[in-house]
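Trainee: Sequence:
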Amino acid sequence: MILVLDASAIITLARVGCLNLLRELAEKVYIPEAVYDEVVKSGYGRPGSLEVEQAAWISKQSIHDQSVVVRLEAELGRGEAEAIVLAGELEADFVILDDATARRIAEAEGRKVLGLLGLLIRAKELGIVPALRPVLDQIVGAGFSLTMPFTNRFFARPEKNNPHSQKK
1 MILVLDASAI ITLARVGCLN LLRELAEKVY IPEAVYDEVV KSGYGRPGSL EVEQAAWISK
61 QSIHDQSVVV RLEAELGRGE AEAIVLAGEL EADFVILDDA TARRIAEAEG RKVLGLLGLL
121 IRAKELGIVP ALRPVLDQIV GAGFSLTMPF TNRFFARPEK NNPHSQKK
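The opening residue of the sequence shown carries number 1 in the numbering used here; numbering runs sequentially from there.
Hints listed in this document are in silico derivations from the structure and should not be mistaken for laboratory results.
Only a predicted model underlies this, so the values are computations on that prediction, with no experimental measurement involved.
One or more of the hints may lead you astray.
[As the list claims (entries may be wrong)] In silico DSS-like pairs for lysine-lysine, Cα to Cα no more than 25 Å straight-line: (1) K124 <-> K112; (2) K41 <-> K28; (3) K112 <-> K28; (4) K60 <-> K112; (5) K28 <-> K124.
[Stated by the list, open to error] Have a look at the derived ranges for each label pair, beta carbon to beta carbon: (6) P134 <-> E73: 31 to 39 Å; (7) K28 <-> L50: 15 to 23 Å; (8) Q138 <-> D99: 17 to 25 Å; (9) P134 <-> Y44: 28 to 36 Å; (10) G127 <-> R104: 30 to 38 Å; (11) G141 <-> G118: 17 to 25 Å; (12) H64 <-> D137: 36 to 44 Å; (13) P130 <-> E27: 15 to 23 Å; (14) V70 <-> K41: 20 to 28 Å.
Cβ coordinates follow ideal geometry from the N, Cα and C atoms, glycine included.
Assemble the whole structure, with the sequences as input and the hints as a guide.
Mentor: Now the structure itself:
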């Protein structure tokens, strides 16, 4: 699987010590230059900065078609716009975005989109993450907000092999 990420997923995973989950989940992990600059340069000293800078398995990639980036920047930040364009240029399996507007635009551009939570669910399905509830508790504790409809839907169904969701 080839993934292209925006900054929010990288920062959140780094905050909870789960950045390496990406390496286990994907054959290749890419970030556009704008995301690298946001996380590593502008975010120096913050969660994700050092981890991304030292992660040889995360590839920083330039965008070839800047005209599409400029068009998308009318509604999005540069990192989100570059992530969407890069996903198309690389024919990535998924672009990882959590912002609702960015997700809508990426889908309109023909990209397959996953949010951080969708990524975690895939990791669970592949056995990379043994249980989702503890990871979700960590990311919420790190400041990531879950929408109530998602939270209600997710926690309403029991998770196999998850002691946090099994009935006592």
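Trainee: It remains to establish, for every hint, whether it holds in the given structure.
Mentor: How the hints compare with the structure:
no., hint, in the structure
1, K124 <-> K112, "holds (19 Å)"
2, K41 <-> K28, "holds (22 Å)"
3, K112 <-> K28, "holds (16 Å)"
4, K60 <-> K112, "holds (20 Å)"
5, K28 <-> K124, "holds (19 Å)"
6, P134 <-> E73: 31 to 39 Å, "holds (37 Å)"
7, K28 <-> L50: 15 to 23 Å, "holds (21 Å)"
8, Q138 <-> D99: 17 to 25 Å, "holds (21 Å)"
9, P134 <-> Y44: 28 to 36 Å, "holds (30 Å)"
10, G127 <-> R104: 30 to 38 Å, "holds (31 Å)"
11, G141 <-> G118: 17 to 25 Å, "holds (20 Å)"
12, H64 <-> D137: 36 to 44 Å, "holds (41 Å)"
13, P130 <-> E27: 15 to 23 Å, "holds (22 Å)"
14, V70 <-> K41: 20 to 28 Å, "holds (21 Å)"
Violated hints: none; the structure is consistent with every hint.
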